[in-house]
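Residue strings, one per chain:
Protein chains: 2
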Amino acid sequence: MTKSALQIARAAYQPKLPKALKGAVKVKEGEPTQSVADQEAIKALFPNTYGMPLIQFVEGESVNMPAINVGVILSGGQAPGGHNVISGLFDGIKALNKDSKLYGFILGPGGLVDHNYMELTSDIIDEYRNTGGFDIIGSGRTKLEKEEQFDKGLEIIKELGIKALVIIGGDDSNTNACVLAEYYAAKNCGVQVIGCPKTIDGDLKNEMIETSFGFDTACKTYSEVIGNIQRDCNSARKYWHFIKLMGRSASHIALECALQVQPNVCIVSEEVEAKNMSLDDVVTYIAQVVANRAAQGNNFGTVLIPEGLIEFIPAMKRLIAELNDFLAANASEFALIKKSHQREYIISKLSKENSEIYASLPEGVARQLTLDRDPHGNVQVSLIETEKLLSDMVAVKLAQWKEEGKYVGKFAAQHHFFGYEGRCAAPSNFDADYCYSLGYTASMLIANGKTGYMSSVRNTTAPAEEWIAGGVPITMMMNMERRHGEMKPVIQKALVKLDGAPFKAFAAQRERWAVETDYVYPGPIQYFGPTEVCDQATKTLQLEQGK
Amino acid sequence: MTKSALQIARAAYQPKLPKALKGAVKVKEGEPTQSVADQEAIKALFPNTYGMPLIQFVEGESVNMPAINVGVILSGGQAPGGHNVISGLFDGIKALNKDSKLYGFILGPGGLVDHNYMELTSDIIDEYRNTGGFDIIGSGRTKLEKEEQFDKGLEIIKELGIKALVIIGGDDSNTNACVLAEYYAAKNCGVQVIGCPKTIDGDLKNEMIETSFGFDTACKTYSEVIGNIQRDCNSARKYWHFIKLMGRSASHIALECALQVQPNVCIVSEEVEAKNMSLDDVVTYIAQVVANRAAQGNNFGTVLIPEGLIEFIPAMKRLIAELNDFLAANASEFALIKKSHQREYIISKLSKENSEIYASLPEGVARQLTLDRDPHGNVQVSLIETEKLLSDMVAVKLAQWKEEGKYVGKFAAQHHFFGYEGRCAAPSNFDADYCYSLGYTASMLIANGKTGYMSSVRNTTAPAEEWIAGGVPITMMMNMERRHGEMKPVIQKALVKLDGAPFKAFAAQRERWAVETDYVYPGPIQYFGPTEVCDQATKTLQLEQGK
Chain C
1 MTKSALQIAR AAYQPKLPKA LKGAVKVKEG EPTQSVADQE AIKALFPNTY
51 GMPLIQFVEG ESVNMPAINV GVILSGGQAP GGHNVISGLF DGIKALNKDS
101 KLYGFILGPG GLVDHNYMEL TSDIIDEYRN TGGFDIIGSG RTKLEKEEQF
151 DKGLEIIKEL GIKALVIIGG DDSNTNACVL AEYYAAKNCG VQVIGCPKTI
201 DGDLKNEMIE TSFGFDTACK TYSEVIGNIQ RDCNSARKYW HFIKLMGRSA
251 SHIALECALQ VQPNVCIVSE EVEAKNMSLD DVVTYIAQVV ANRAAQGNNF
301 GTVLIPEGLI EFIPAMKRLI AELNDFLAAN ASEFALIKKS HQREYIISKL
351 SKENSEIYAS LPEGVARQLT LDRDPHGNVQ VSLIETEKLL SDMVAVKLAQ
401 WKEEGKYVGK FAAQHHFFGY EGRCAAPSNF DADYCYSLGY TASMLIANGK
451 TGYMSSVRNT TAPAEEWIAG GVPITMMMNM ERRHGEMKPV IQKALVKLDG
501 APFKAFAAQR ERWAVETDYV YPGPIQYFGP TEVCDQATKT LQLEQGK
Chain Y
1 MTKSALQIAR AAYQPKLPKA LKGAVKVKEG EPTQSVADQE AIKALFPNTY
51 GMPLIQFVEG ESVNMPAINV GVILSGGQAP GGHNVISGLF DGIKALNKDS
101 KLYGFILGPG GLVDHNYMEL TSDIIDEYRN TGGFDIIGSG RTKLEKEEQF
151 DKGLEIIKEL GIKALVIIGG DDSNTNACVL AEYYAAKNCG VQVIGCPKTI
201 DGDLKNEMIE TSFGFDTACK TYSEVIGNIQ RDCNSARKYW HFIKLMGRSA
251 SHIALECALQ VQPNVCIVSE EVEAKNMSLD DVVTYIAQVV ANRAAQGNNF
301 GTVLIPEGLI EFIPAMKRLI AELNDFLAAN ASEFALIKKS HQREYIISKL
351 SKENSEIYAS LPEGVARQLT LDRDPHGNVQ VSLIETEKLL SDMVAVKLAQ
401 WKEEGKYVGK FAAQHHFFGY EGRCAAPSNF DADYCYSLGY TASMLIANGK
451 TGYMSSVRNT TAPAEEWIAG GVPITMMMNM ERRHGEMKPV IQKALVKLDG
501 APFKAFAAQR ERWAVETDYV YPGPIQYFGP TEVCDQATKT LQLEQGK
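Respectively, the protein sequence lines represent chains C and Y.
This note's numbering puts the first residue of the first sequence at 1, with every later residue one more than the last.
This note's numbering puts the first residue of the second sequence at 1, with every later residue one more than the last.
What the hints contain is simulated information worked out from the structure, not anything from laboratory work.
There's no promise every hint is true.
Note that identical chains are pooled: a pair holds if it fits in a single copy or bridges any two copies.
To be verified - With a Cα cut of at most 35 Å, we get these calculated DSBU-like pairs of lysine-lysine:
#1 K143 <-> K410
#2 K26 <-> K101
#3 K388 <-> K238
#4 K3 <-> K19
#5 K406 <-> K26
#6 K152 <-> K98
#7 K275 <-> K3
#8 K388 <-> K402
#9 K397 <-> K338
#10 K317 <-> K349
#11 K406 <-> K143
#12 K388 <-> K349
#13 K3 <-> K547
#14 K410 <-> K152
#15 K28 <-> K338
#16 K238 <-> K3
None of the values given here were measured: they were computed from a predicted structure.
Produce the entire structure from the sequences given, and follow the hints as far as they go.
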């Protein structure tokens, strides 16, 4: 492995731990917990892991612990700091007993089912400390949902003498971790399961989980390049940059980046849905900002767009639903229509409302909606280049306004999509410390015999010393939701709250940002400089914590 | 102006200067110079600025200098460090005499012609020290070529009592700076003109100009995000990432990034041209690397592509030339052809060789070649999404190989284009120091009555202390080239040399990089850490200087 100078320098970084984890710990139990909703249903589904107390670790007496074997799994999309969760877990179980062993299951949950694993020795761990990526053992998207999978996993768990599994993943993976914990508990297998909150999207959080790891680094990396683009935009003064940001289910990333860089426009999907805005409303809003700036001679600007926007526009959701149903029912007839007549054909077949919306879409997008369908026949919304869709429609709107004398200016657009650029960035000091602490905390939950818990580290806007480490019963975060036609227990996804401090801070300033050019240029993540540069939490977290 | 924590911290950075510039300087003249080619022609065109000696600044005696007024212009695309050239120039003329004044012409060379300017006071300069962007006075692409422009400029120069103009730009802008210097010298206007070597593309360099400013920071920023993508690629193990990098005229950026990140494939346009490779040759090369990796179970990888590739493929260049001619001559006939028949029509009209190449292109690209033409009727090559073109064609080739049993694997691609992300990044320590030194050197050239010189700072892989500051007659870098049908004196563009150390280092390792996964993750530019992390020059510069 060839290493960059920064990789070599960062390898020596010792992540910070909460004070309580620096020596021996003991468990301080809180009150029994309830799920956030649907208590009866959740309780019935999780008789062995429901209602457990919150846990906090405090300083304790040193006791001799037996060696333990632990398995770890990385689940789903990459997030900066995953390697530090694993190194924290490793150091934690080694601190308990130097003969403890850590096994990594390869390429995600599938590795458990397929018995694909490796022992993570200190030589291997040392190669990955404070690095980005999930490449130490890889990740995967296999869902652990079926009892056959659980039983197959149990075979290798028994073979390796594994006492506990740590599953590092997002809301779905943690839901599955809890189902697994319940299953093993019900069968009395003696296998614990602990979850860790991972996702750059920032949508796995609640009162006890202040933030999911990776959100900090990913947003800072995106803000770096968006800031650079804004500086370019403000120097060249001739382009509107339409910038799409990863995150389909929630707009936390776009919102955090907006708070960091102060763009002219940021669309927040949750607001679009709450206000029942149409695609045309969104386009009109952007076009109006463009026109207002043009009136001042400023034919340039920046627009941030969350990846999931289209699916949050109620009218688009209805159009896509009808298209899915119609194309599924009429696949063979549609296949016979000549390409040049498909658009007319679709327009003639849809309900009036949806037909009008479909007819208003630029040709490329209309084609994507009917041609690029997944193996289940569904429209692949993720393939829609929302940034181009919006800029095309804004251009059409402005041309119309120009004819009507309502707009005088030039409009030229550039497009960007940032996602893969940030998911595997080397973790910021915050994520390096937070992840290491989450992993270390997981080892303490294991040592104390806990299962069905998520590792929790709180008070994260204070210095790491003062962080509070503990565990939260996963069932506490659950409610019942309809998934694929069935009611399922799932961890509630945290969307952007329109009455939350981050959105309110944004909403209070966006009108000024739209008119003025008050771009902020955050620059690249720094590891070695002054603490105000290197150790700040996200604006989202600071605002949520009242900082 | 709202500032990020990093902006505030960086404002305090004092860029390093070569030892000789730290106190009073005197001029050490070298031998008279010759242009790199076409000496007689260049000499005839530049009777007043040809043959001047190389200049080096050495420590001298302090003398009282009168106050001078200087004008500065940013020309063309942004490059990190432009603000530091200006602050170095400012500090230089103020050190000569505190009553000296600096005027900035707004939005590029057009500001000189239109008399659009502002005085750059120390309050303004202080706001922009060590920041990216050209927003202090903006930039523009107006070319200073005509005598009316020169005369119009002279009016404002006289009005403001400006003794010298500093033009910060690429090869064309510096060529024009020299034409302007010659014009003012011939007319005995008493106005000096000094150039500064700017371009992220890295194609303005020669024996006396080791590198153009901005190349260092831009390449490091691109390498950061490419490294992050590679880490993601190596974690998810399911995508081939096709990454296009800015730089139409030369492949220095792609080559430098390849040396930094060790991708599986990097295409170098100059090699494609030298080997007379066809588009199919390039596609076959990439597809073979994909197939070889797939044979080892690795269905992922990275491909770096220079923006200008298409124009370097001799066969494509011939196709585009014939298309331009044909469409110009047959515009009205072509306009009547139905969209669905345009492709056939073009195929039927072109010469056999070009017709076959055209027929082999994916539909979207074929359409771009005939529809998206500029106001002069020319194909807009810059709109071609080369990264998608190549991945589409690789997919077709692999599908064919699969049928023939020569390829077993899955191929899925992601696409990226990086350009605006790096042009305005905050300058690395190298660019901050180099640019400040270039600007300071320009002030010394002015003080010593020089005109038609480019500011030169050499020995740049040594510590800044040991850098050598001086001036190079711009005519020395010129030769005669055909531009728009006319022979013109221009600065020779520096393409990637296939017998140069950077390319040879790449060529020696690329076969291993193609097979193995030995990605390097450079991470974000650091300003405050250990010197081996913060103060390294580009690999290109180190290799060229034999380091």
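Quick rundown of the hints versus the structure:
1. K143 <-> K410: between (49 Å within a copy, 21 Å between copies)
2. K26 <-> K101: The answer is within: 22 Å in one copy meets 35 Å, while 69 Å across copies does not.
3. K388 <-> K238: Intra 17 Å, inter 26 Å, cutoff 35 Å: intra and inter.
4. K3 <-> K19: Both, since 32 Å and 33 Å are each at most 35 Å.
5. K406 <-> K26: neither (69 Å within a copy, 61 Å between copies)
6. K152 <-> K98: Classified as within; 29 Å inside a copy, 80 Å across copies.
7. K275 <-> K3: between (50 Å within a copy, 33 Å between copies)
8. K388 <-> K402: both (21 Å within a copy, 34 Å between copies)
9. K397 <-> K338: Both. Shortest intra-copy (30 Å) and inter-copy (27 Å) distances satisfy the 35 Å Cα cut-off.
10. K317 <-> K349: Classified as within; 17 Å inside a copy, 46 Å across copies.
11. K406 <-> K143: between (53 Å within a copy, 33 Å between copies)
12. K388 <-> K349: Both: 27 Å inside a chain and 33 Å across chains, each within 35 Å.
13. K3 <-> K547: For K3 and K547, only the inter-copy Cα distance (18 Å) is at most 35 Å; the intra-copy one is 38 Å.
14. K410 <-> K152: Intra 62 Å, inter 27 Å, cutoff 35 Å: inter-copy only.
15. K28 <-> K338: neither (69 Å within a copy, 77 Å between copies)
16. K238 <-> K3: Between. Shortest inter-copy distance 23 Å satisfies the 35 Å Cα cut-off; intra-copy 40 Å does not.
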